[in-house]
Each structure stands twice: as C-alpha cells, then as structure tokens.
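Trainee: Below are the chains, spelled out letter by letter.
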Amino acid sequence: MDKPEKASVRFLTSESAGSLIAAVITIIIGLLLGLLILLIIAPTIALPAFRMLLTGGFGKIGVLSGIGRVLYYAVPLIMCGLAVGFTLKTGVFNIGVAGQYVMGLFAGLYVGISCAGIFGSFTWLAAIIAGAAAGGAWGFIQGVLQAFFNLNAIICGIMMNYTGLFLVSMIVENSKGVYVRGRGWTEIVPDAAVIPRAGLNNLFGNSTAANLSIFICIALCIFAWFILKKTTLGYRMKAVGLNAGAARYAGISVRKSILVGMLLAGAFAGLGGAMNHLGASGTRYAITDALPSQGFAGISVALIASSNPLGIIISGIFIAFLEVGGVGMQSFGLDPDLVDVITSVIIYFCAFSFVFKYLYFKLAARLRRSE
Amino acid sequence: MEYAFEMLGITKKFPGIVANDNITLQVRPQEVHALLGENGAGKSTLMNVLFGLYHPEEGEIRIKGTPARIMNPGDANRRRIGMVHQHFKLVQNFTALENIILGAETTRGAVLKMDKARKRVVEIAERYKFNIDPDMPVEDMTVGMQQRVEIMKMLYRENEILIFDEPTAVLTPQEVDELMKIIRGLTEEGKSIVFISHKLNEIFRIADRCTVLRRGKSVGVVDIEGATKEELCEMMVGRKVLLQPQKTHVNPGDVLMEVKNLTVAGVKGHKDTVRNVSFNVRAGEIVCIAGIDGNGQTELVYGLTGMRKIESGSMVLDGRNCTKETIHFRNTHKLSHIPEDRHKHGLVLDYTLAENMILQTFFERNVSRCGIIDYRKASRRTDEMITKYDIRTARGPVTRTRSMSGGNQQKAIVARELERDFAVVIAVQPTRGMDVGAIEFIHKQLLSLRDMGKGVLLVSLELEEVMNISDRILVMYEGEIVGELLPDETDFRELGLYMAGAKRSDGRSEGGTNG
Amino acid sequence: MKRTRILVLLLALVLCMSMAACGGGSSTGGGSGDTPAASGAGDAGGGSDGAQIACVFGAGHAEGINDKAFIQDCWEGIKEFGDANGKTYAYYQPIDDSKQSFLDAYDTAIKNGAEVVLTVGNEPSDSLVDATRDNPDVKFISIEATGFEESAMPNHYSILMNATDAGWLAGVAAVREGYKSLGILPCVAIPPVDMWTWGYVQGANYAANKYGIEGITLQHHYLNNWSASPEIQATAASWYNSGVEVIQCNTAGGNTSIIAASDAAGAAVFGSDKDQFDEGETVVTSEVVFRKPIVISSLESAYDGSFPGGTFWLPGVEADAAGLAMDRTRFKNYTKDMYDEDYADLKNDVGGIRSSMITIYDIPEVDDMWNAVSPKYIEFINIE
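Residue numbers (our numbering), protein chains in the order written: chain A, 8 to 378; chain B, 836 to 1350; chain C, 2 to 385.
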C-alpha cells in the first residue's frame, strides 16, 4: 500500500465531489444547449431572453424578492427529489412520487381546513405531519406491493399515482366544509394552518412567499444524507440497492429495506405536497385529472444530483430558479412551448450526469495515479 | 531457428501500472509452451496483446520471422492466432455446428450454406478424434464437450497458434486427460500451443518449455524436462513456497454441525436437487464436498446457509436447530460463509473495502452504536486484515472494491469470513482465482483454524486442494453423497470415478463415529 | 464499446423525455397536446423588455395562447388592440395555480412595465382580491373570473361572458337539427363553464317543448381537465359508442380531443368558445362568445379614460357577444334563417325566455341548477 493521501485528494475523489461536479457540468451544458436553441429559433431576442433565464429575472423583480421566490418554489421540488432519490439508493425507482405528493397535499389541506379548532395555532404543524403520514402510508402500500407481491416498481408507481389522484378527487368532492361546490376546488386555508414565515418575509420582502418550509426541506435533506452515510439503516438500504444478492447473503432483509425506503420516500413527497399548499397564504386544490408536475420534476431533481440528498437541495433550488426565470422569459414573445422546451432540455440533460460522473472519476483516478 | 511466433520486448502500460515490462516470449513450432505466473503477473495482458485487444507501447511481434502488427482480433485471426478462453464464448442454445461457424459463416448472398461447413466440421472432428455431435445444442453438453467445441472453432478457422487460457479449471480428471491427449495431437499436426496456467502439475505433464512471469516481467524460460516444481514456484512467487501444506494430525472433537436427510429443491426440473443428504462436521476437522460442478453442491450450500429453503431434513449448528432460521440468524450464530460467487453474493462491488469488510458485522456493538456506524473503527480493522492477508489495494480501506483484482477480492472475502466468530465455516472455492502464494496462505489459515477446534466445510473443484487439506472427502453426484473417502486412502483416479458417478460406496456417508 | 455507450445515452435521453412528458401542465413541465411549433418570436409582439399590457392565465392550460379556445380568443384581442394602438403586450403564465404564483406573475408583469393586467379564466379569482388592492395604479381586467359580481376594487373591471345565451342557442339548434341523444362534456364545475351547460339544457328544453319533439336524452360529465388528452378522447369515444349523437364540447384545449373522437366515430360535435369549424370534419357548429371584441373594447376603455372600474359586466346577446358560429356549419336541417329567428326571439325576450332563464345570479350551487332548470321535455341520463 502506498503513502496515505492528502485530505484534499480524498475529498476530490469522493462520491460527493463526483456528484457535485457532475451536477455542475450537467447544468452548464444544459444551459448552453438551451442558449443554442434560442439562437437558432429566435436570434434577435436570444441573448436577452437567455439572460433573463440565467438571472432568474432577478433584474426585474429584485434580487431579494427573486431569492425569496426561488426558496418558495423549491420546496416541493426538493421534497419530491428526496422522495425519488432516497429510494433510488435501495434500487427502486419511485415513480409513484406524484401520487404520494397528492395524498400528502390532500391530508395537509384536510387537516388544515377541518381541524383548525382542535389545534389552534399549531394547526399547520398538525397538517404537515398529517401530510407526511398520508404520503408515507401511500408509499408504504406501494412498497408492500413491490416487496411482497413482487410487482414491477414502475407499474405499481403509475397505478398508485392515478389511484391516489382519483381517490383524493372523490373524497374532496364529498367533503362538506372542505370542498366548494360549484367552484371545483377546496376552501381557503385558514390562517392557523398556514406555515409560519419564520422571519423570511422580513428578509426577502413581504410579497414573497418563502417560509419555514425551506428550512424543513434542508433539514430533512441533511437528515436523509446522514441516514445514508452513517447509519446501519442506510448501509442496509444501499447494499440492497447496489447488490440485492450480497445483501441477502449478509442476512439483510431486502423486503424490509424496500418497505422502509418507500415509507420514508412517501413521507417526503407527502410532506412536500402539504408544505406547498400550506405555504404562502395557502393554495387551494382544484380537482383535476392531471398528476402534479412537481412529482415528475422531482425525478429530474434527483437525477441531476445523482440521488445525493445534499445535491438535491441544490438541484431543487436550481430548477425552481429556472421556473422563476421562465415566467419572465415569456415576456420576450417566445412561443409558449419554446420556453418549456428550453427549460426541459436543461432538465433532460440530467440523464447525462452519470456520464459526467464516470468521466470525472476516470480523470481523477488518472490524476491520483500520477502523483 | 525460426519461431512460430515471437513477442519481443513487449511493454504495455496502463495508468499507474506497467502490466508488461519488456517481456519476450518465443514459441517454437509444434511446441507446447506454458505461460506461468501469479494473478496479476501479466499473462492475460500479454495474450491480449497477441490477440490484438491491446496495443503495446513498445516491442514487436513476429510471426514466422516476419514482423506483424495486430490491430484487432480480426487481424489475429487472419494471422491464424486463436484463443480458447477460460469462460467459453458459446451461444447456449445454438448447436455445436452453429457455434463453430459463428463469425465465419459460408454464405451465398445472404443465405447460409451449411452443408459445406458441416462437411468440414465433421472432417476435422474425425481427424482429431473429437467425438462431438454437430447438432447437439451446447446447453446439453458437458463442460468437456463444450471445450472441445471451442477448440473446434479454432481448428475450423485453421488457426496455427492456439492459446489456452486456464483450460482445466472446469474439467474432471478424466476430461483433463482427454485434453492433454488432444493438445499432444494438435502439436503433432503442426500447431503451436500456448498454455496459460498456474497449475504446476499440468504444466509438467504437457509443456515443453515454460516462460515464467512475475509482476509484469519475464523471470526466465525453463525447459520442463529437468526442472522441478519447487524451482518454478520460486521463480513465480519470488520466494520458497510450501506446495504441500503441513498437516498435523488432529483428533476431531464434538460434532459442530449435523445435517440429516437434507433435501433442497433446485431450479425446476434441474438435477441439482439435494436429495436426502446426511453428514456431520466435527470440531478440528476439514470436511470437503468434492464433485463436478453442478451436482448439487451449490444447492447444498444454499440450504445450509439459508439462502434457499430446506424442503425436508434438518441442520443443527452449535447445538441449535437452524433448519427454519433466517440467514441473519445463522450468520450471527456461529456460521461463516465464503460464497461461491464473489460478485453476486460475496461483495457489494460499489462499496469500499472497509464497507465490505463489515458486511456481516455492521450491526454489532463494536462496529456501530445506536444505529450509527463507526467507520473509523471499521477502517482500522480493515487495515489489520489487509496486512494479515496481504490484500493488494490501490487506496486501502477506501478502495472501491470493484477496482480490485479478482484474487484480492477473494482474499478480502476470506479475511472477512475467517476473522469472525464462528464454529463452522462453509468455504466454497475459497482459493478460486488466487495464485500459489495466496493459496498457500489461505490453506495455512484454514488448517490453523481447524487446529484451534473450528470446523470447516470445504466445497472445492480443485482436486489438489481437496487432497491436500481435507480430513474427510464426501463426493456428491446428482444431489446425493455417493462416497466418503479419506485422502490418505484414495487417489485422483478413484476420486474421479466417484465424481463421475461411476462408483458409489454402499456404506453410509456419515463420517467417523457419531458423537 | 463506443456504440453501446451512445446507445445507452440515447436511451437515457428518450427515458428522460418520456418522464418529463408525463407531468401535467405547468410552464416548466413538458406539455402534451397538439400545439403548433410556431416560430419563436412570432406570436407575441413586444419582443424586448417591457410590456404595457399583460395577459395572465392559469398554469393548467398547457397550450396557453394557442389553445384554440378562450385564451387564444382573448390574446388575439390584445394583439389587435396593441398593434393598432402601439402598445406592447406579453403573456405571463404562472408556475402553478396557487394564489401566490399568480401574485408573483402579476408582480413580474408589473415590474416589467404592465399598465393593464388582463386575466383570463377562473383560477386568478383569489389572487385578484389581493392584487387589485395592492396595485391601485394598475388596471385589472378579468375575463371569466368569479366572485366579483357584487363588488370589485375601483381598478378592477370584471367581465363574465354570458355563455348561457350561447348555450341556449346551441341547445335549440341541436334539438331542431334532429339530434335526440345529446351529450355535454365540460371541464370543471365552475360558473364560467357551467353557464354554457345551463343555457344548453334550457335551450334544448325550450325547443323540445316548442316543436313537440320527444325522446331527447342528455348526458353530462365533468372532465376535470382542460388540455387535450387521450383520456378525454377516450371518454368521448365511449359516449359515441353508446349512442350519443352529438356532444357539446366545453373544455378549452381539450375540445380537440373530443373533436378527434367525433371524427373517428363519424358522429357530430359542437365546438365552444371560438369557431372550431376547421378543427375537425364533424364539427357542426360552435357555441361561441365573442371575447375578442369585448377585450378590445375593455382595453380601449382602459386607455381612453372611461374605464368602468369596480363594475361587473355580463355581456350576452344584447351586446351581440354570444351566439353560434353560423358562417360555416355542417347543419343539415337547421338553417341560418331558423337561427336568426331563434336569436331574435332570445334577444327580444319573446315570451320572456331570456328574463326567465336561470343564470349565474340564481344558482349558488351546481346541484340546484339541475333541479331549478328541471327540463320537463328532456330526459337526463347520467349526469355527473
């Protein structure tokens, strides 16, 4: 064995560094591609429009206000990203994140609206806990189907998505006091159920909606990272995800890992749904048969960050940033689809983050060996 | 004199390592030339250079005196170089004929012309006295037959230089004899053979000369006639090696593991089912399950370790009936297991070495507390094992296991399993892929554990190993134990007969006195 | 080796694309549907910073200003006004349909120079309360928002098209044309949408009574979706299969899906919001409200000092703002003369048809509508 390595070298060649660098490269290349598309299709306004996207429109709406907005919209993205990324570590692709998100937002709204009397000023807390519980239960059911009945994870997830969505529609429609007939959406969220602003309104301006949720998100990401990196639970989950055969050989229960993973993932997604709808001044839920896009955006968030919970904080914020910039970009007169295309191309590129990670590690290995 | 081919001053580098360092290999026509070396010595790399898969930084290749540049396997083939790999490259549900002509099909337009091909194949088979049925699907063939198909592939392409990479790994003694005869025959027909192996016995049987590689350099070329095994071994390893481990006699103690009437199901319809097997392992003894691969050993081990359900019968370990217990239970109650497939079961390749070393113990009190793993402790323990077992890694405990060589991965697994607390260790092919030096060490470890009163259930396909270190040999054939032999009282011939099912003992197969 | 890598990358790309396409519509999720790929800078004028007129509509409308329905209608009005009067304009679709998102969108628009904010649809309703209050210098025109019938801020002009009139004419036309088995597929249970239905039912009822036609049946189902989707098409197809002869669409972007089902079944369909004659071969006519002229006139009032802030307007046939698209139809029996007759009857309130019609002011809850309308001459099958 050769000489011990410098700490800097050890960090640079660690998993986290690789994920981080891959994420950054992914994003840069994606942005450049977006610019290229703009230049080809709308050369006259390409640069200003791109600048709008890059600066998140902060120039127009003010930097603080912009940051505040980004931190508000990042919440569901980060939570859904966690929901996907965490289970990816157990080797399961949780496409059911959208359904878990809907269950969570429903439970959050329901408790928030109906139980304000019981919980008083802590209604919001009860509501988001209910959201996490509902999402967790929904994820758990999916886990049971996968682990005990050996059903395909993707099929399970998609079916659970729609089942959850329509179940929620059904219950909401029949909930007096929660549903507003003739309007197709839920009641206004009472003040007690709105998540506190935690001083962020002083920091970013009263008009922005950033609130306690973002802190909860970051805390949970750190928590998830800790579980994966340091605990026996994380060890088990990663082993199952990387080599289920070896995990079994070592006496690790593959089923339990999947169940716990899905339970936690569902809770993350559900919490994301609840926090999204109980933030700001509360968002009504309109009955729809379209699955929430945040669920699927979560997949992109997770992939860009290579499922690393700390990276998910960053990629979630990044995609929220693109969303905010995208609104401003519309004013340049681009075809509405084009704005979607550009931001989507950037997100599509997340599939390539693993390529960049691979290349980075090869390069790092080469550098290391030549020391 | 003109050589069949020469590799002169070949140097091949990879980032951070010189795999071949100025190696010269010269093979005479009609000679069997052995290439001997430990794992990682550079044998495969050298042959891959010859085969066009790698391009050397320095050196040249000459074929029959003329310099040749081999850019890819197509080139190699055109220059009549062929290779039989250790892991056969056969399509399982194709027939022998289809496999042989694959890649060299005779066609008119886009239509296959099989008759010409068939005639040639039959011709070649007769000439070399291979009895293979051209229309038999490969999946129905024995391993020996499959290997002959591989050889036929080379002959069909009229290869003159034939490379055999560890050919005897999967053969029974009888089949090895056959192979030796075939190789002799091939040289008589004018072919030149390169025989890569680390098994000294075979090299001594078949080779004319031998080039020894060590750590990328050529250590010397030896005429087999007149050389000794010890000499070659020393050249290969760089120090004196004990080929025959010194076994002291130990009186076996209490029964540690008792297996009664064990039946384990195999894959549907496969003959691998374990049927009504009974035996025991006592303290201070190494019991070896010998047999041709695929006769139930795998399922037996799965049943004993809990990886497959035991249909009927019982397994009692350290006084506890483990028949219905989970894998986790068995692992934490005195059972260690060195698995057959190190990639599928033994390791999580994307984990670091330290993480793999705690695979069985991560939940124990001295590795983790309150669910939080102390990786520093794990690292330290891993360092100890790296030193003790001479595991070669790039970066110590944080090496990604995937980047380690097969032999070192195996050493890591063995280290992990032998350094735990166990009464019986089930070791399946523990020295697979290891070189002589490492094998020596592992055998020493197993013997010392046995001397300390542990029990070892060894499952091995290496007859040398079986004979050298076992105290008792149980031969498995088609899921049953067909014979119990003592190494001092039997020989390879007899073992081979039992393994092939040609002989059975009618006595019972429970060893020694029962408790 | 290299080839496999490229293949893997391609597969990954395809996988990612299908993932992104799965989501519902928000401005950053992939939108589905058959939207034309218009040239980038083409459609919305004011291609640089700053837009004086801002159009804001809900995030759930994936096709946005190309939805061939009410958003497009309003947008064309804005364009026409802007181009004629030298005002710059832009649209802003918020990130989602929450009140906060709309407020953020208004904020972006206003900071980008908007003097007039024109909202389309019902989703902005909540946010308009705050926005109009907090931005007294900006004029808000809301088309199809609800909740402002009684009062609005002085800078807020609330307009709700009287779709009941158009619906009534469509119902009459359907029955007079000879269809017996009728269907209605609206998107969401909100007044701007339900008004069409109430009109349709009352119109069909009136015609059945007046012309003594029996055996009319009606089905109704909320789709809960206003973008084109295969689910909508499948629902419509199953209706046609079960014998429905004509479906009245009312689901904005989703109309094209219903039309596609009708074309495939060789049945009949009535479009909505705009003249959708060209959208399919079986589009018989369309029940329309003419938002464009309304938008234009409201914008004019915003700039010429006569802005009727704080008021609510329900323009219908009395302003010639509602009717059927009769320029091109595929009617076999219902003629333009017959239409003109019915239109005049309605406009002139012959026999009190119009004044006795149940409209938005009368119904607090949808359920009651079906009772209140209680069409005696139509049989309801499957109302949900």
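In case anyone wonders, no lab produced these hints; they're calculated from the structure.
Check each hint, because a few of them may be wrong.
Derived pair list, reagent style SDA-like, types lysine to any residue, alpha-carbon separation capped at 20 Å [as the list claims (entries may be wrong)]: (1) C:K112 with A:K263; (2) B:K1052 with B:N883; (3) B:K948 with B:D968; (4) C:K333 with C:G267; (5) B:K1016 with B:A1004; (6) B:K848 with A:L370; (7) A:K263 with B:I1162; (8) B:K1279 with B:G1242; (9) B:K899 with B:Q921; (10) A:K369 with B:L1184; (11) B:K1212 with A:T238; (12) B:K848 with B:T859; (13) B:K1016 with B:N1036; (14) A:K263 with B:V1233; (15) A:K237 with B:K951; (16) A:K263 with B:G1242; (17) B:K924 with B:Q981; (18) A:K237 with B:V1233; (19) A:K263 with B:E1199.
Trainee: Each hint: holds or not?
Mentor: Hint-by-hint comparison with the structure:
{"no.": "1", "hint": "C:K112 with A:K263", "verdict": "violated, 53 Å"}
{"no.": "2", "hint": "B:K1052 with B:N883", "verdict": "holds, 16 Å"}
{"no.": "3", "hint": "B:K948 with B:D968", "verdict": "holds, 19 Å"}
{"no.": "4", "hint": "C:K333 with C:G267", "verdict": "holds, 15 Å"}
{"no.": "5", "hint": "B:K1016 with B:A1004", "verdict": "holds, 17 Å"}
{"no.": "6", "hint": "B:K848 with A:L370", "verdict": "holds, 17 Å"}
{"no.": "7", "hint": "A:K263 with B:I1162", "verdict": "holds, 14 Å"}
{"no.": "8", "hint": "B:K1279 with B:G1242", "verdict": "holds, 17 Å"}
{"no.": "9", "hint": "B:K899 with B:Q921", "verdict": "violated, 27 Å"}
{"no.": "10", "hint": "A:K369 with B:L1184", "verdict": "holds, 17 Å"}
{"no.": "11", "hint": "B:K1212 with A:T238", "verdict": "holds, 14 Å"}
{"no.": "12", "hint": "B:K848 with B:T859", "verdict": "holds, 16 Å"}
{"no.": "13", "hint": "B:K1016 with B:N1036", "verdict": "holds, 15 Å"}
{"no.": "14", "hint": "A:K263 with B:V1233", "verdict": "violated, 28 Å"}
{"no.": "15", "hint": "A:K237 with B:K951", "verdict": "violated, 65 Å"}
{"no.": "16", "hint": "A:K263 with B:G1242", "verdict": "violated, 33 Å"}
{"no.": "17", "hint": "B:K924 with B:Q981", "verdict": "holds, 10 Å"}
{"no.": "18", "hint": "A:K237 with B:V1233", "verdict": "holds, 15 Å"}
{"no.": "19", "hint": "A:K263 with B:E1199", "verdict": "holds, 19 Å"}
Hints 1, 9, 14, 15 and 16 from the list above are not met by this structure, while the remaining hints are.
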